[in-house]
Amino acid sequence: MDNASVSAMLHALQDPAGLPAPAWIFQYLNVLTWSFHIAFVNLALGSGLLAIIAFMRRQQPAWARLSVAMTGVAKVAVSMAIVLGVAPLLFTQTIYDPSWYTSNVLSAFWVIFFIFSLGIGYTMWFVFYFKNHDVSHAAQAPDTTVWWATGALSLLIFDGFIMHMLSYQGLFPQKWMQWYAPHGVPVMNGMGIHAFDLWRFGFFMVMSLTMTGVFLLGYARYFRARDDFPADYLELAHRIGVKTAYWGVALQLVTGVFWALGLPSYMQVFTQPLFWLTLVLIVGVALYARQVPVRGSALQAYSAMALYALMALIVSVDREALRMAYLAPFHYDLNSKPHYEWGAVVWFFATLVLVGGGLVTFYSTMLWKAGKTKGLYTADGTVSRLGDTAVWINFAWLAVFFAIGVWAYVRNIV
Amino acid sequence: MSELLGIYPSWYVPQIGTAWVMGIIGTIHVLASNTSVGAAILFAMLESRAVRDNKPEIMQYIKKYGMFLLVFSYIWGSVTGPGIWYSVTVASPRGISALIHNFVWVWATEWVFFTVEVIGVYALVYTIGKIDPKTHLKITWTFVVSSVATLVLIVGILSFMMWPGTDRWYLTGSVFDAFYNLNFAAQLADRGFLMLTSAAVVGTIIVAAIPKGDPLRRDVGQTVARLGITGLVGGALSFMWYVATLPPNALIMLKDRLPHWFGYIDFRVTTFVPLAITSLLIGAYLLWVYLKPQAVRVPLAAAMVVVLLVAGIWPEERTRESLRKPWVAGQYMYSNQIIGRDVPGLGIQDEVPVIAKEGLLKAAAFVPADLRVITPQNQIEAGRLLAVMACANCHSINKDGPLRPLPQLLHGTTDVAMIQGFLSGPLAHGTVPYMPKIDLPADEQRALATFLSAVNAGTVNAEGHLIARAPVATPLHTAVAQAADRQPIKAKD
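Protein sequence lines, in the order shown, are assigned to chains U and H.
Residue 1 is where the first sequence starts when you use my numbering, and the numbers rise one by one after that.
Residue 1001 is where the second sequence starts when you use my numbering, and the numbers rise one by one after that.
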């Protein structure tokens, strides 16, 4: 297909209902929420891998404890990765609907496989968690227990590959028709895996080590407040954190450079400031992690995670910039069918800031303080007021929701 | 090519069709998510009582149910939630695209509550006994409202799929007119009540796990049973309200499914009686739990969850899907991804006239160049592609497929002219109330009819592969005689 035909096809595939807000809002939200999503994907896979490695050394108490802790971290991280993945999934199909839907249909079997394998993988991880969640019995767990974890982790990594494939296939609209009907006859079984880039996929996978490394620095610092966490255990966690972040960064550099080398020459990736900024940030995470002392301040330890978050955000920007570059020859216009409705935009952002902000502040403050307390935690004045505010905000949201409903309902029927 | 229609490639699933793939994933999700929201309400009731009456032992039940919920609802509910999106994406990409582009801000708002809900459930379960009861109760209440918010937000979208209820949305295109539609409040009430029942039935598994003789069994068991029975009674009443808010095409479908005393004339009960039996069975079970909480056992409770899933939620969801036929969204997008009416408020135009003029194969974006022009050589392949694009979303093309199989609906005829007569008559004029208006040009009608007759003759299978050489057309009188010999075969859901 020539570029003009591809351009016409993309325009036809864009939903006729159009966009209810300027495309840049969806783009920004997509980039931001994807960085949240990948952070938890990275944490789930990295802590999962570490849980397995530590399980193999569980005869040593510190390693057994680390395995139990990382098993729990991975369990929660998968939940968060799933729920935070909903937002970029939503915004992607809003502005890149032709790419996302076509790619999915062409590999439909794998899309359905993803759903069930994710469920099975996550269930298997829970089985591992139930067998490996008690520090006092961790050393006695039979060797075969680890198969639950390795099976789960393998499925989760393969699910990551499916997501990579679906995103990547969407970048080549000029090839979609050929993939759909390779010899002029449509192949409609959805079994095809048409395009992938192992360097790109590998880059996102090894980022898991970087994330888990900086997370461990924060973890070791956080539990210093608890006297039931032995110092040698926290030192081990810190040391492994630095080492893991180092490996993650080194592998990110290797996979990232090979990924960049494989990009189309017209993109001139090595002349782009964004490429070099990304490189500096990746290296920066390792250099920063290296100089965080074992008994350093909270700011020093948690800043490593902040630096990772910044790096993940810039990687998300890279991803979006690449998508625009891939689609540029076809003049894909995100804004071609506008029908803005600002009331709905205000509704969402008000909910995000007031409800999301209010409740997450309450939960995180309460959990932060409770986690540092051995035994029963009694809320102080701040947490108590945050809790009251969160409950009131929630009920107020419901009241506003139904008030708008009455207004719209009456307007509809009169 | 004068006008290109943005119709995506097709995914074809032999036998069960894509509709059942969506249905299976959707049913699992409905059980998991219904249970989650209903359980949140149950937790708030129980925990408020635990704090008020100083009964900390109740928290042990909440903790056990919460752990169970983490596995049951927050693995499989979380996975099948986006899973529904994924399955609809590959089965009906334009349908989900229509919903996404109308409701992106509603879904984004729902995502905020999802996130809060996931953090909330972990906070709720893992802080029992670790933080003071009053603060914990605040977690529980925020979790409840967030869970309920996810329900109210998704119901607005689901009810719009049935219909907007008035003409206003078509003129304004406003998401508020679409969301707060005629069907919304009734469906919200119906789902709200039934999720109490879901949570109660699942909750009896945890009741059964409480040691026998423990007074907590009676205390919690009776609360759970009361909640479930309230849900059943409320669900039955709100179902009548729900029926009163349905569009005319759905009421025609309902005639096939409800007994006459419900207000409709036919007494062909394909769905209502099984659902009524399931409701009575679950009602009787919950009453028994209320009276004999000490007698409940885990295997029986688990079996009742399976009954709820297979004999309750599955037929209920299938019926709801069937009722909105031939539409998939807002009565402007047909199930087969073709836009069937104008929506001036959004600048959307009816595509049926374009297809009637140009042909589906010429107008659709994803058709190989060789199949855009029909020749005697490619007629079967073109006909098969038309069958998949226009029919397979609602019909099995296989002879023995479970989803309203076309060969059976055509009474096995191999008469091309007879099939083409149906295509150019009732189907092209849109006079079958639960079918889309599919107005194809004569050459496409003939190709589709030729393919379907070949499938009926057994010379070609549903995948378009040649089975054996045999004449594909049968003389008219033979086909009529064959059809007359057969009993009408009722379509399966």
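Fair warning: there could be bad hints in the mix.
Said to hold, decoys possible - Here are the computed distance ranges between Cβ atoms for each label pair:
(1) U:S364 x H:K1134: 15 to 25 Å
(2) H:H1429 x U:Y28: 42 to 52 Å
(3) U:V187 x H:D1342: 32 to 42 Å
For the record, the hints were derived by calculation from the structure and aren't laboratory data.
If you're wondering where the values come from, they're calculated on a predicted model, not measured in any experiment.
In this text, a Cβ means the ideal position worked out from N, Cα and C, and glycines have one as well.
Quiz prompt | Contradicted hints - numbers only | solution = Structure breaks no hint.
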